[in-house]
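Asker: Sequence lines, in order, name chains U and Z.
Going by my numbering, the first residue of the first sequence is number 399, and it counts up by one from there.
Going by my numbering, the first residue of the second sequence is number 399, and it counts up by one from there.
Bear in mind the hints are in silico, worked out from the structure with no lab data behind them.
Do not take every clue at face value.
It does not matter which identical chain is used: a pair holds within one copy or between any two.
Claimed, not checked - BS3-like mimics (lysine-lysine), calculated; alpha carbons at most 30 Å apart, straight line:
1. Lys692 - Lys561
2. Lys440 - Lys557
3. Lys579 - Lys527
4. Lys557 - Lys648
5. Lys640 - Lys699
6. Lys699 - Lys648
7. Lys640 - Lys734
8. Lys723 - Lys648
9. Lys500 - Lys527
10. Lys500 - Lys557
11. Lys502 - Lys438
12. Lys401 - Lys734
13. Lys699 - Lys557
14. Lys723 - Lys502
15. Lys447 - Lys579
16. Lys440 - Lys491
17. Lys502 - Lys706
18. Lys648 - Lys737
19. Lys557 - Lys447
20. Lys723 - Lys699
21. Lys561 - Lys706
2 protein chains.
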Amino acid sequence: MLKNDLVLRAAKGLDVERTPVWLMRQAGRVLPEYRATRAKAKNFIDFVKNPELACEVTIQPVDILGVDAAIIFSDILVIPEAMGLPYQMIEAKGPWFEHTVKNKADIDKLKIAEAGDLDYAMKALSLTKKHLDNRVPLIGFAGAPWTLFAYMIEGSGSKTFSKAKQFLYTQPELAHQLLEKITQSNINYLKGQVAAGADMLQLFDSWACVLSESMYYEFSLQYISKICDALSPLVPITVFAKDAHYAIPKIAETSCNSIGLDWTIDPATARQQAGNKTLQGNADPCLLYADAEKIISEAEKMLRAFGKQRYICNLGHGLYPDLDKQKVKLFVDVVKEYKW
Amino acid sequence: MLKNDLVLRAAKGLDVERTPVWLMRQAGRVLPEYRATRAKAKNFIDFVKNPELACEVTIQPVDILGVDAAIIFSDILVIPEAMGLPYQMIEAKGPWFEHTVKNKADIDKLKIAEAGDLDYAMKALSLTKKHLDNRVPLIGFAGAPWTLFAYMIEGSGSKTFSKAKQFLYTQPELAHQLLEKITQSNINYLKGQVAAGADMLQLFDSWACVLSESMYYEFSLQYISKICDALSPLVPITVFAKDAHYAIPKIAETSCNSIGLDWTIDPATARQQAGNKTLQGNADPCLLYADAEKIISEAEKMLRAFGKQRYICNLGHGLYPDLDKQKVKLFVDVVKEYKW
């Protein structure tokens, strides 16, 4: 039995006595403790694949920041790797794939990943679940199929992801074949995460922003919907489609439980569009550069705008590494101490 | 007297017999002819500052693609430079400023640019106006104050512009001082452009996307509005705030004539929100990677969605350098030949 199940109750639409809060990238460089653990690994990939180190950094923000959930430390690109496309994380640059997907033969060569192919992730989850000792829920996650597809075609980050989009425009049938394989891999992976101890799941569609509305529904949301159908009977699931402002009503039609919002979305508009789904978000991470007074007033304004129920407080994107840990803690405290 | 004034008539809300079309970055690397002219200059800055070369590439798309307007070849960062912050354009990386703005002293040191400080731009405009021989209107442009501010603080491109935003959150009064100086410089510059021959103007707010709605109104739109008030009595003006999906109703309250849209915006929604303003946009540049059949059907769908009047056809962002010139031409032809 979880001692603090606020995040799960909020996700399911059950009453909460106060607003739960966690922060994207809370297990990250904003904590000196994270940087110390990170230094023990040779490189980022080794770090991700080390269950003991992943467990350590996952629990740090629960101890240090007092957040209401832990999110397993990992990377969305473990799925392309498990499918047969290894990558490197290049300092100050981001991910880089030696091989990318160009044609049908490349797609046929990729395997549908099984949870067993990501044994290190399963170990990290079960170890973390054990060490968390039921203090707060453990959130698992995966990249949404379109976002993973974008990296697998493009081979790295991109401002426009024009190569990945070119693939959609010129080879839509092949694109669907690859998206289907990624979707099946994601379902296997996320079911494994639940079996290993994840109490809740989040899908990150980080590159939703580059697609038009009709392309988004065809090449992204239908696959997200399939994953939600497979997982939501097991645990609550959040869909975070960054900058897909137009898509909230359609995301609300999937079987997800909660919808993540970036900071360009007005809370009242999102409430109107999201039906009975729980909302998660959406403070601008840069707010945490401001002074205490501004952080407090803006956080409280946001809480009032979203309301007490069906709401999980978070940022609209991950924490930036150069934010001050004390200000991050202040934000968490303001949310937890808010008097409704 | 202009032989083809379709773009101006559409911008002013006057009747047109067919949809006018031009393309952002039409004077650019998508044309082999542009690359040949570009090769004559030592570097990008020298290219921008050479009126003869700028004139040459500005007119190329009118001759080659048959677009209904020319847009002067230049760069939005000429204003920071004229204010006292020189920059370099680094191949495959983008702009880079040796000095950035950090404090009040840095802001006080910057001058308010006068049109005369950008003599090369004025010469390029008057030369182009002459060589265009009134075939089509000549569009001038500037970066919106927030976008220029973002570069002047950050010193380069950025995924998050977190330094520039940190400045807004921590030193809002200083931010307004700098934004005011940029706004005055822009007004001087744009008035000079009109005097030198620009028939119309466009403001590019390329980094609108990183601001929340309330921050956007405070730190960007009020300055855009001031520029529109100063310039719209002279010539029509378009505001293009990329990815500021929430801002269309407020942009419609400024004295601009037309509103540029990116491809995440639904035409019907934009029509509802934009009052009697003309709309410009919003094809996904990646559509031009598709086959001819798809380009034709999507372009025609877009034309029907926007309607015949108060509409200037364009992309939702600039042309990508690796697009096929023939497909770009096809898109232009489809728009021009559409039977209403």
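Asker: At most 30 Å between alpha carbons: which applies to lysine 640 and lysine 699, within, between, both or neither?
Answerer: both (22 Å within a copy, 27 Å between copies)
Asker: At most 30 Å between C-alpha atoms: does lysine 447 with lysine 579 qualify within a copy, between copies, both, or neither?
Answerer: For lysine 447 and lysine 579, only the intra-copy Cα distance (23 Å) is at most 30 Å; the inter-copy one is 51 Å.
Asker: Quick one: lysine 557 to lysine 648, C-alpha cut-off 30 Å, is that within a copy, between copies, both, or neither?
Answerer: Classified as both: same-chain Cα gap 25 Å, cross-chain 27 Å, threshold 30 Å.
Asker: If the cut is 30 Å between Cα atoms, do lysine 692 and lysine 561 qualify within a copy, between copies, both or neither?
Answerer: This pair counts as between: shortest inter-copy Cα distance 17 Å, intra-copy 41 Å.
Asker: With identical chains, the pair lysine 561 and lysine 706 could be close in the same copy or across copies; at 30 Å between alpha carbons, which is it: within, between, both, or neither?
Answerer: neither (43 Å within a copy, 32 Å between copies)
Asker: How would you label the pair lysine 440, lysine 557 (within, between, both, or neither) given a Cα cut-off of 30 Å?
Answerer: Both: 29 Å inside a chain and 27 Å across chains, each within 30 Å.
Asker: Given identical chains, is lysine 502 near lysine 706, meaning Cα to Cα at most 30 Å, within a copy, between copies, both, or neither?
Answerer: neither (50 Å within a copy, 42 Å between copies)
Asker: Measure nothing new, just compare the shortest in-copy and cross-copy C-alpha distances for lysine 723 and lysine 502 to 30 Å and report within, between, both or neither.
Answerer: between (47 Å within a copy, 27 Å between copies)
Asker: Checking an output row: lysine 699 and lysine 557, CA cutoff 30 Å. Within, between, both or neither?
Answerer: between (32 Å within a copy, 27 Å between copies)
Asker: Have a look at lysine 401 and lysine 734 and pick one of within, between, both or neither, based on CA distance no larger than 30 Å.
Answerer: Within one copy, since 16 Å is at most 30 Å while 66 Å is not.
Asker: Given a CA cutoff of 30 Å, do lysine 500 and lysine 557 count as a within-copy pair, a between-copy pair, both, or neither?
Answerer: Answer is both; intra-copy 20 Å and inter-copy 27 Å each pass.
Asker: My question is about lysine 502 and lysine 438: at a cut-off of 30 Å on alpha-carbon distance, are they close within one copy, between copies, both, or neither?
Answerer: neither (40 Å within a copy, 42 Å between copies)
The structure fails to meet hints 8, 9, 11, 17, 18 and 21 from the earlier list, while all remaining hints are met.
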